[in-house]
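Chains A and B are the protein sequences, given in the same order. Oh and the first sequence: position 276 is 276 in the numbering used here, straight run, nothing missing. Oh and the second sequence: position 96 is 96 in the numbering used here, straight run, nothing missing.
Note that these hints are calculated values from the structure, not bench results. Don't take each hint at face value.
[Stated by the list, open to error] Cross-link-like lysine to any residue pairs, in silico, SDA-like; alpha carbons within 25 angstroms at most: (1) B:Lys200 - A:Ser173; (2) A:Lys216 - A:Asp341; (3) B:Lys403 - A:Gln170; (4) B:Lys96 - A:Thr60; (5) B:Lys208 - A:Asn171; (6) B:Lys298 - A:Arg323.
[Claimed, not checked] Calculated Cβ distances over 12 angstroms to all of chain A for the following chain B residues: (7) Arg264; (8) Ser344; (9) Lys345; (10) Val372.
Given the structure is predicted, the values throughout are model-derived calculations rather than measurements. Heads up, the beta-carbon is just placed ideally off N, CA and C, and yes, glycines get one too.
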Amino acid sequence: MSAANWRNAMNAGAGRAAMLNRGATVALPAPRQLSFQWPRIGARHIAALVFLGAFPWFATPFFTYQIAAQSLALGLIALSLTFLAGYGGMISIAQMTIAGVAGYLMAILGASAVAEISLKWPWWLAVPLALAGSIIAAAFIGWLSVRTEGIYTIMITLAVGVAFYYLCLQNYSVFNGFQGFQQVYAPTLGGVNFREATPFYYLALFWSLAGYFFVKYLLRAPFGIALQGIRDNARRMNALGFNVTAHRIAAYAVAGAIAGVGGVLFTWYNGLVTPGSVGTSWMINILVIAVLGGMRHPIGAFLGAIVFVLLQTFAIDMIDRERFNLVIGVVFLAIVLFSPDGLLGWWAGLKTKLTPRGGMR
Amino acid sequence: MRKRRFVKTLVGAAVVAAFAGLAYAQQGKPVKIGLLATLEGPFAAGGQDGMRGAELAIRERGGVVAGRKIELVKASSDAKPDVAVNATRKLVEQDKVDIMVGPLSGGEGIAVKNYSKTQPGVTFINGGSGAQATTLQDPSPNFFRFNTDGGQWMYGLGKAALDKGYKRVMVIAEDYAFPYSQVQGFMAEYCKLGGKVPLKAWVPLGGKDYSSVIARIPKDVDALLVVLGGADAVNFLNQYEQAGGDKPMIGGSITVSQDVLNYRGKRRDSLVGTLSAGPLADAYDAPEWRKFVADYKKNFPDGYPSPSLFAVVYYTNMKAALDALDAVKGDLSDGHKKYREALSKMTLKLPTGEVKLDQNRQAIGPTFITEVVKDAKGNLFNKVLRRVDNVNQTLGTDPKEFKIGSRDEPNCP
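Let the hints inform the model, and build the full structure from the sequences given.
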């Protein structure tokens, strides 16, 4: 949503409040921007949903699991960053750390190959606790970093992420050190084994859609509008009576919930969690995914994840085996160079060129 | 939506390619072998040499086994288990390899072994990974390992240390699974024969400051068992020298590397006599080993002066895969039944000696005990003291009583 849009929304809200104060009895329609916009669902949305729903029926299990399900799980983690950075103006490198907190909690509270540490609690207990843990961790990181701006936010979240990495690497009593936890598997529910490609894909798809629509809803709710206001002019929002710090910490917590769900899915996808899963390379990969896709719309995170996973998987087939990282780097560079707003920006540019009245929605 | 269509087209194209590949494998004769090593990350150099070793085994057969052409599909990881499983899954499910060789490091090996259980139609053979748990805990029926593990590499060193008169030894090792197994390989025999280990110091991986450890070295120990990576071992030597230390050293399998042998400090001469053990020894004098080294140099002029540990273990596992294929005349029918039987029962002849598999499909093989000596020019090198044959994974103890090495296991203060 553009700055002009949220300003309208704020004014509409303020106008309404003013009228209510005056005791006006006229029922005003809810401002358009503040309600979730169901009527916008068109043919292309239905086509996309049908495609996503039918995907496992025409794709191989490999594509269903390694490409699609992995993209969805990674996309969900990147979505939390898109939400924070694109709409809150806070670039947190530690989103993979938050996902990793959820993953480690799953391994410690649930079942894994490390029988001495894992508590083997059932999934319905372990998952909510893992998510609670990731929300608390995210709120803590938010609390540490909200008073900083720009590059300092990046630095402080990077520091927290690296600290967590070393904690996992060197603590043996809780995090099992260098080896981490193997055999952290998705549960079997009512005869459906969520370790298998198709059930896991649908699980990931369900939570990705939930995350996507949740973010879309939130961006038009008063909280999201205020957050975008804080992004654009924090001082002014403060003057208007908004608690900027609290809003930002709340945004971190919300992003933590999304990253936590993504983290649980990603841990189940891998079937393991090790210090490598929360190392700097993955922390930066999440940033790459979000930037690659574009931060102007929540779908960007998932597009970025698909491109990232496809490249990671197939770049090695395109070029000399020892040099395949070159392809990945060149593609990333090309996308960012030719479209500073990632794939979404490139798409929007293409659209405006093709249709004079078009634009990114 | 054009972007969806783009993805769909891409997916469709890849699916078609996959099916085309499958049809080819069934009609034609080539046998597809997947090869996974670390071409990125901390073990990138080792992974590259591992690939050389595996390729050498294929070149020895001229790229053909039992009349079937060998088609090699390579993949890379960065020593992280999740990346290794993703790369393996691509080779198995997308490229449809018949046999999978890899991965390189310990955590990866355990993860790939767990994955192999979900793919009973493919035979997995280890690459270079040496974690004990891979085959000791919850082994997989279609995962085979023809290289010995980190514990086996040190077996025989305990006796050699006692022969030198080291009755009490302090352990200084990095704090993760591989050094645990190395220390266990040493102590299993050493403790049984009456040696004592009063103190073990576990240092963090990648730590550079050993002063607190050096301060704790007791006066009454005869030697130090140092299990650190080569460059870190040099760091330790420097700091120990500055602190005025004079105890002799016993090294782990990757400790007494060329880095250490090129050490120029005052303690250089005291390095003479340093014992260590491993699955290979550069200075081994058997003609098979000499020929292997010569072949390696001829095939890979850009390689190392002598094949590294990873080249040897990848060569070992790839050779096992091909020898067994030859034994069954390329017959992979009936879910690889005959092939796996051949793998389980074969005696693999290697430049370093003979290897057989135990009931968990883990190698029983030779270990070399080496000692640092000075040659005529004053250069230090590792001389082979002796070869210990048929070292098994439980290090000579009853499999029922055997526990995987950890900080506190084994223990004999």
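Verification of the supplied hints:
{"no.": "1", "hint": "B:Lys200 - A:Ser173", "in the structure": "18 angstroms, holds"}
{"no.": "2", "hint": "A:Lys216 - A:Asp341", "in the structure": "19 angstroms, holds"}
{"no.": "3", "hint": "B:Lys403 - A:Gln170", "in the structure": "22 angstroms, holds"}
{"no.": "4", "hint": "B:Lys96 - A:Thr60", "in the structure": "12 angstroms, holds"}
{"no.": "5", "hint": "B:Lys208 - A:Asn171", "in the structure": "18 angstroms, holds"}
{"no.": "6", "hint": "B:Lys298 - A:Arg323", "in the structure": "24 angstroms, holds"}
{"no.": "7", "hint": "Arg264", "in the structure": "32 angstroms, holds"}
{"no.": "8", "hint": "Ser344", "in the structure": "25 angstroms, holds"}
{"no.": "9", "hint": "Lys345", "in the structure": "30 angstroms, holds"}
{"no.": "10", "hint": "Val372", "in the structure": "29 angstroms, holds"}
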